[in-house]
Amino acid sequence: SQTIHQWPATLVQPVGSPLSLECTVEGTSNPNLYWYRQAAGRGLQLLFYSIGIGQISSEVPQNLSASRPQDRQFILSSKKLLLSDSGFYLCAWNLPRNYGYTFGSGTRLTVV
Amino acid sequence: QKEVEQDPGPLSVPEGAIVSLNCTYSNSAFQYFMWYRQYSRKGPELLMYTYSSGNKEDGRFTAQVDKSSKYISLFIRDSQPSDSATYLCAMSLSGNTPLVFGKGTRLSVIA
Chain A
1 SQTIHQWPAT LVQPVGSPLS LECTVEGTSN PNLYWYRQAA GRGLQLLFYS
51 IGIGQISSEV PQNLSASRPQ DRQFILSSKK LLLSDSGFYL CAWNLPRNYG
101 YTFGSGTRLT VV
Chain B
1 QKEVEQDPGP LSVPEGAIVS LNCTYSNSAF QYFMWYRQYS RKGPELLMYT
51 YSSGNKEDGR FTAQVDKSSK YISLFIRDSQ PSDSATYLCA MSLSGNTPLV
101 FGKGTRLSVI A
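Chains A and B, in that order, give the protein sequences.
For the first sequence, position 104 (counting from the first letter as 1) is numbered 104 according to the numbering used here, and the numbering increases by one without interruption.
For the second sequence, position 40 (counting from the first letter as 1) is numbered 40 according to the numbering used here, and the numbering increases by one without interruption.
It cannot be assumed that every hint is accurate.
Said to hold, decoys possible - Some residues of chain B that are not near chain A, with every Cβ distance over 12 Å (derived):
{"#": "1", "residue": "22"}
{"#": "2", "residue": "24"}
{"#": "3", "residue": "31"}
{"#": "4", "residue": "59"}
{"#": "5", "residue": "86"}
{"#": "6", "residue": "107"}
Said to hold, decoys possible - When the alpha-carbon atoms are kept at most 30 Å apart in a straight line, the in silico DSSO-like pairs for lysine-lysine are as follows:
{"#": "7", "chain 1": "B", "residue 1": "56", "chain 2": "B", "residue 2": "2"}
{"#": "8", "chain 1": "B", "residue 1": "56", "chain 2": "A", "residue 2": "80"}
{"#": "9", "chain 1": "A", "residue 1": "79", "chain 2": "B", "residue 2": "56"}
What the hints assert, rightly or not - Among the chain A residues that face chain B by a calculated CB cut under 7 Å, a handful are:
{"#": "10", "residue": "7"}
{"#": "11", "residue": "43"}
{"#": "12", "residue": "46"}
{"#": "13", "residue": "53"}
{"#": "14", "residue": "56"}
{"#": "15", "residue": "99"}
I should point out that these hints are in silico values taken from the structure, not numbers from a laboratory.
Using N, Cα and C, we set each Cβ at its ideal position, and we do this for glycine too.
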């Protein structure tokens, strides 16, 4: 069966520090991968999505970046965090033309 | 105008009540409509999926899509305290375009 792993579950980071969040999917191949951020009162905001290794689409220009070094691995990074980067970060996957997403358990990031 | 509008609530109902959750959208090209349920501090989970207009029923849950009015609904019958969660509507143009989510409606079912 397919599973999605996302870590860490919680993170407290100072302003200006780097960030690396990792997401991996098991039990499938060639998934579409997504990073969403959920902030209070703003719903789920799509940050990046990828339909294959090295193929990243950015939806929101900001100080975050994403990479997909392997088929089932998706990484969200930042060189210098801002206070506004605080939120609940969710990784998700689906197979092409399969409309339902499966979400990871999320990372709650607090930038202080 | 945002692509997807959803009343954030919160909505509080007694156990056993019928709950109606709604979303409106502006892009008439949306074809695939979903409802997700999210418990506190967890990732969303897919609850219902509907293609184009029509109704779909799954146990106590019924999803309705009215494309002419650009309006979708989720009905929960005989609501239970375990239904207390945030419900998010989502929609997409095709299977290869990312989902667009509403802000979510927080529901509390009181025993």
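Now the hints, each set against the structure:
Distance check on residue 22 (chain B): its Cβ is at least 15 Å (rounded) from any Cβ of chain A, clearing the 12 Å threshold; non-interface status holds. Interface exclusion of residue 24 (chain B) from chain A stands, the closest Cβ pair being 14 Å apart, more than 12 Å. In this structure residue 31 (chain B) is not separated from chain A by more than 12 Å, as the shortest Cβ-Cβ distance comes to only about 9 Å. In this structure residue 59 (chain B) is separated from chain A by more than 12 Å, as the shortest Cβ-Cβ distance comes to about 17 Å.
Listed as a non-interface residue, residue 86 (chain B) fails to keep its Cβ farther than 12 Å from every Cβ of chain A; the least gap is roughly 10 Å. At roughly 15 Å from the closest C-beta of chain A, the C-beta of residue 107 (chain B) stays outside 12 Å, upholding its exclusion from the interface. Of the pairs offered as hints, the one joining residue 56 (chain B) and residue 2 (chain B) holds, with about 26 Å between alpha carbons and a cut-off of 30 Å not exceeded. Of the pairs offered as hints, the one joining residue 56 (chain B) and residue 80 (chain A) is violated, with about 46 Å between alpha carbons and a cut-off of 30 Å exceeded.
Proposed proximity of residue 79 (chain A) and residue 56 (chain B) is contradicted: the alpha carbons are some 46 Å apart, above 30 Å. With a cut of 7 Å, the hint placing residue 7 (chain A) at the interface with chain B is violated, because the nearest CB-to-CB distance is about 13 Å. For the restraint placing residue 43 (chain A) at the interface with chain B, the shortest Cβ-Cβ distance is roughly 4 Å, inside the 7 Å limit, so the hint holds. Of the supplied interface hints, the one on residue 46 (chain A) holds, with its beta-carbon coming within about 5 Å of a beta-carbon of chain B, less than 7 Å.
The interface hint given for residue 53 (chain A) is broken, as the beta carbon of that residue sits about 17 Å from the closest beta carbon of chain B, more than 7 Å. At its closest, the beta carbon of residue 56 (chain A) sits 13 Å from a beta carbon of chain B; the interface hint therefore is violated under the 7 Å criterion. Checking residue 99 (chain A) against chain B by beta carbon gives a least distance of about 5 Å; that is within 7 Å, so the hint holds.
In this structure, the earlier hints numbered 3, 5, 8, 9, 10, 13, 14 are contradicted, and the remaining ones agree with it.
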